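Generate coordinates for the entire structure from the input sequences, incorporating the hints supplied.
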Amino acid sequence: MMRGIFTLITVLLLMAPAFAAPRVGWMIYPYKLSMPEDQYQRLLNSRETEYVGIQLACSPDFKDEQTQERVRQLVKAGKKIVLQIWFGMGPPFSWERYNFPNIALDSVVREEFFASATDVMIDYFGRENLYAVHLMEETGMQFGWDVDMPGRPDRDDDGYDNGTVWDNPPNWIMDRCISGPNVLSIRKYNDLFRKQTALDMRYYPIWSSQEMERYRVWVQQTMEAGAHNEFAKHAHRKYPGLRVYAFNMGPALLPQSKVLDGQFIDPYSHTLAVYKSLRQFRTLMRPEQELVGMVWGNREKAAELRLPQQAACYMAGCDILSTFGDSEYKDDEWLNAVRNSVRPFIGLPVFRSNPKVLIMDGGTLGPSLTSACYWITGFTNFDTCEPWAEDSVDLRRYDLVLAWNGWHKVLPEWVRQGGVLIAVRPPKHFLADEGYLSLLNKADRLTVDYRPSAWMRGSLKLAESYPLDLGWVQQVDIKRPDAVRSDQFLHVVSYGKGLVVILPAVCYVHAPWQYEEGWETFRQFLTDVCRGALIHTGKQTIADSHFADPKLGNDYLRATSADGRFTCYILLIDVHGPNKSATSFVVPGKDLVSGNTNARLCHENPVVLVEQKSL
Numbered sequence: 012m013m014r015g016i017f018t019l020i021t022v023l024l025l026m027a028p029a030f031a032a033p034r035v036g037w038m039i040y041p042y043k044l045s046m047p048e049d050q051y052q053r054l055l056n057s058r059e060t061e062y063v064g065i066q067l068a069c070s071p072d073f074k075d076e077q078t079q080e081r082v083r084q085l086v087k088a089g090k091k092i093v094l095q096i097w098f099g100m101g102p103p104f105s106w107e108r109y110n111f112p113n114i115a116l117d118s119v120v121r122e123e124f125f126a127s128a129t130d131v132m133i134d135y136f137g138r139e140n141l142y143a144v145h146l147m148e149e150t151g152m153q154f155g156w157d158v159d160m161p162g163r164p165d166r167d168d169d170g171y172d173n174g175t176v177w178d179n180p181p182n183w184i185m186d187r188c189i190s191g192p193n194v195l196s197i198r199k200y201n202d203l204f205r206k207q208t209a210l211d212m213r214y215y216p217i218w219s220s221q222e223m224e225r226y227r228v229w230v231q232q233t234m235e236a237g238a239h240n241e242f243a244k245h246a247h248r249k250y251p252g253l254r255v256y257a258f259n260m261g262p263a264l265l266p267q268s269k270v271l272d273g274q275f276i277d278p279y280s281h282t283l284a285v286y287k288s289l290r291q292f293r294t295l296m297r298p299e300q301e302l303v304g305m306v307w308g309n310r311e312k313a314a315e316l317r318l319p320q321q322a323a324c325y326m327a328g329c330d331i332l333s334t335f336g337d338s339e340y341k342d343d344e345w346l347n348a349v350r351n352s353v354r355p356f357i358g359l360p361v362f363r364s365n366p367k368v369l370i371m372d373g374g375t376l377g378p379s380l381t382s383a384c385y386w387i388t389g390f391t392n393f394d395t396c397e398p399w400a401e402d403s404v405d406l407r408r409y410d411l412v413l414a415w416n417g418w419h420k421v422l423p424e425w426v427r428q429g430g431v432l433i434a435v436r437p438p439k440h441f442l443a444d445e446g447y448l449s450l451l452n453k454a455d456r457l458t459v460d461y462r463p464s465a466w467m468r469g470s471l472k473l474a475e476s477y478p479l480d481l482g483w484v485q486q487v488d489i490k491r492p493d494a495v496r497s498d499q500f501l502h503v504v505s506y507g508k509g510l511v512v513i514l515p516a517v518c519y520v521h522a523p524w525q526y527e528e529g530w531e532t533f534r535q536f537l538t539d540v541c542r543g544a545l546i547h548t549g550k551q552t553i554a555d556s557h558f559a560d561p562k563l564g565n566d567y568l569r570a571t572s573a574d575g576r577f578t579c580y581i582l583l584i585d586v587h588g589p590n591k592s593a594t595s596f597v598v599p600g601k602d603l604v605s606g607n608t609n610a611r612l613c614h615e616n617p618v619v620l621v622e623q624k625s626l
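Just so you know, the sequence shown maps onto residues 12 to 626 in the numbering used here.
Be aware that a few hints might be false.
DEER-style ranges, computed between Cβ atoms [to be verified]:
{"hint": "1", "residue 1": "D117", "residue 2": "Q77", "range": "53 to 59 Å"}
{"hint": "2", "residue 1": "G446", "residue 2": "A313", "range": "49 to 55 Å"}
{"hint": "3", "residue 1": "E475", "residue 2": "D342", "range": "51 to 57 Å"}
{"hint": "4", "residue 1": "Y279", "residue 2": "D342", "range": "22 to 28 Å"}
{"hint": "5", "residue 1": "N351", "residue 2": "D455", "range": "48 to 54 Å"}
{"hint": "6", "residue 1": "E622", "residue 2": "S403", "range": "28 to 34 Å"}
{"hint": "7", "residue 1": "G252", "residue 2": "D455", "range": "55 to 61 Å"}
{"hint": "8", "residue 1": "K420", "residue 2": "E344", "range": "49 to 55 Å"}
Listed next, the in silico BS3-like pairs over lysine-lysine satisfying Cα-Cα at most 30 Å (straight line) [stated by the list, open to error]:
{"hint": "9", "residue 1": "K91", "residue 2": "K244"}
{"hint": "10", "residue 1": "K312", "residue 2": "K91"}
{"hint": "11", "residue 1": "K199", "residue 2": "K244"}
{"hint": "12", "residue 1": "K269", "residue 2": "K341"}
{"hint": "13", "residue 1": "K439", "residue 2": "K550"}
{"hint": "14", "residue 1": "K367", "residue 2": "K562"}
{"hint": "15", "residue 1": "K439", "residue 2": "K508"}
{"hint": "16", "residue 1": "K74", "residue 2": "K43"}
{"hint": "17", "residue 1": "K244", "residue 2": "K87"}
{"hint": "18", "residue 1": "K562", "residue 2": "K420"}
{"hint": "19", "residue 1": "K43", "residue 2": "K199"}
{"hint": "20", "residue 1": "K91", "residue 2": "K249"}
{"hint": "21", "residue 1": "K312", "residue 2": "K341"}
{"hint": "22", "residue 1": "K550", "residue 2": "K420"}
{"hint": "23", "residue 1": "K420", "residue 2": "K341"}
{"hint": "24", "residue 1": "K269", "residue 2": "K420"}
{"hint": "25", "residue 1": "K562", "residue 2": "K550"}
{"hint": "26", "residue 1": "K367", "residue 2": "K472"}
{"hint": "27", "residue 1": "K244", "residue 2": "K269"}
{"hint": "28", "residue 1": "K367", "residue 2": "K550"}
{"hint": "29", "residue 1": "K91", "residue 2": "K269"}
{"hint": "30", "residue 1": "K367", "residue 2": "K420"}
{"hint": "31", "residue 1": "K74", "residue 2": "K91"}
{"hint": "32", "residue 1": "K453", "residue 2": "K420"}
{"hint": "33", "residue 1": "K74", "residue 2": "K341"}
{"hint": "34", "residue 1": "K244", "residue 2": "K43"}
{"hint": "35", "residue 1": "K453", "residue 2": "K43"}
{"hint": "36", "residue 1": "K472", "residue 2": "K591"}
{"hint": "37", "residue 1": "K453", "residue 2": "K490"}
{"hint": "38", "residue 1": "K591", "residue 2": "K312"}
{"hint": "39", "residue 1": "K601", "residue 2": "K591"}
{"hint": "40", "residue 1": "K43", "residue 2": "K91"}
Since the hints were made in silico from the structure, they are not lab data. All figures in this text were calculated on a predicted structure; none of them were measured in a lab. Quick reminder that beta carbons are idealized off the backbone N, C-alpha and C, glycines included.
See below:
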């Protein structure tokens, strides 16, 4: 009996690491290991660096003895190697034959490629020395679809010369070269495309925007994700335990989330957009999939932005933090600067959260600054969903949905069951279908000192007035005034147990399309409407936990981990153009970033991370 108990305890102890909560790690991605010895020693001896990423071009007789030896040394020092296998654009593995369409759909090409390219690389370094592998990077772009095709010399306005990887044909339409359905490697599978979509690539010039979107989704899921998934299945069979990632985004995420072990994403943008991009990944990925957040680096990046952007990656749920272009290993000062931006999060449990607010982003209405991520500064934590992902996102998880030029087919039933919908320029609306109102196609400009009605002020807790400069104003014709509360601007409908607020315009953005002081009013107005709608429907707790406190400011992220252990605050210091954030308040508790108790969140101290309890 005692022997049995002892055996059981031993087995459980041996299994314990498998059940341990995943911890956040830091990756340096030097791309090559053929660096001077002093730089290599700096990388090798960087104790906090857990992952090292390298990119190598494959060949049937690949040989690189220096890199092979350095990989062994790094592994011996406790580093985990992530290998990016690059191929194309020329021989021996030209994209003319070895491309995503063929790897996904042609078993002969696929097996040939794995045997003479990827397997050669993995075997050369040794499965035991590799933590993860992935095929190339940014694969939804011009990489891996077909060979270089000359662009129009008079339209070479992107600054690239023909002959670079950037001038290869993409799977989407680009007018300076052969692209989209005209790419031969893609057109090759038109019969399959016709069978599965009832569309024909030969007729793409007369497709509607919806039909072009069906093409885009099909190509990225069938060909791009198909190739990554076939590689993963092969590697999992031949090299058990080897992780396979992909470095891409968009519709390919859905099939990849069922097969791959991890995802890279490089959201080179402002801090709020970094969080929004990564939350989209986490919303769709399996919990155990590893998420790598690689934010923009290089030595010109403002030092004050480094910590907030890494904090956004951490709060969004990244397993691995990294930057692009920093070359941290080149000198001690820069290694320390980059390390300090990730150090507070290294070794912490991966941040898991379950937001109750969803942003359904249907894209811009014109200029890129009409995207939702420039206006939601008062949303402190949220998930996000693009139209192609609607079947994979269960709305029952959410209390409020912001439909920003986006839609979801089950929204009517979700609202009927108690959901709060904030509809900003929706492409369609069930209230129109059911005769409450009609949405006119006319889009106007409007500059107005919006003064909410007494009901709007009392029920939605709105301010006395909001001076708004609006664009893309959608005209709304009320058909049932008995059921629709309207004033100078807003329209509100109680629908079943839920509520719909129609906000029929977005803030107008003037040329040259850069920050304007008037943006702050629209941002605050959007926050107030969302908070007020939740409070009106008895969801004060959700309002307080998912939107900025109007007494404190309207430009910070805040989330508490699902286990209640950590609360992270991030001040959005890069959303006010040339101005500093005026937000400043004390966060109770011990700050793991500064080490201070009751630290102040402010422009000079933009990240506070508090441990609520030890588990």
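Inset, instruction - Output the numbers, in ascending order, of every earlier hint that fails for this structure. - result: 1, 12, 18, 19, 23 and 35
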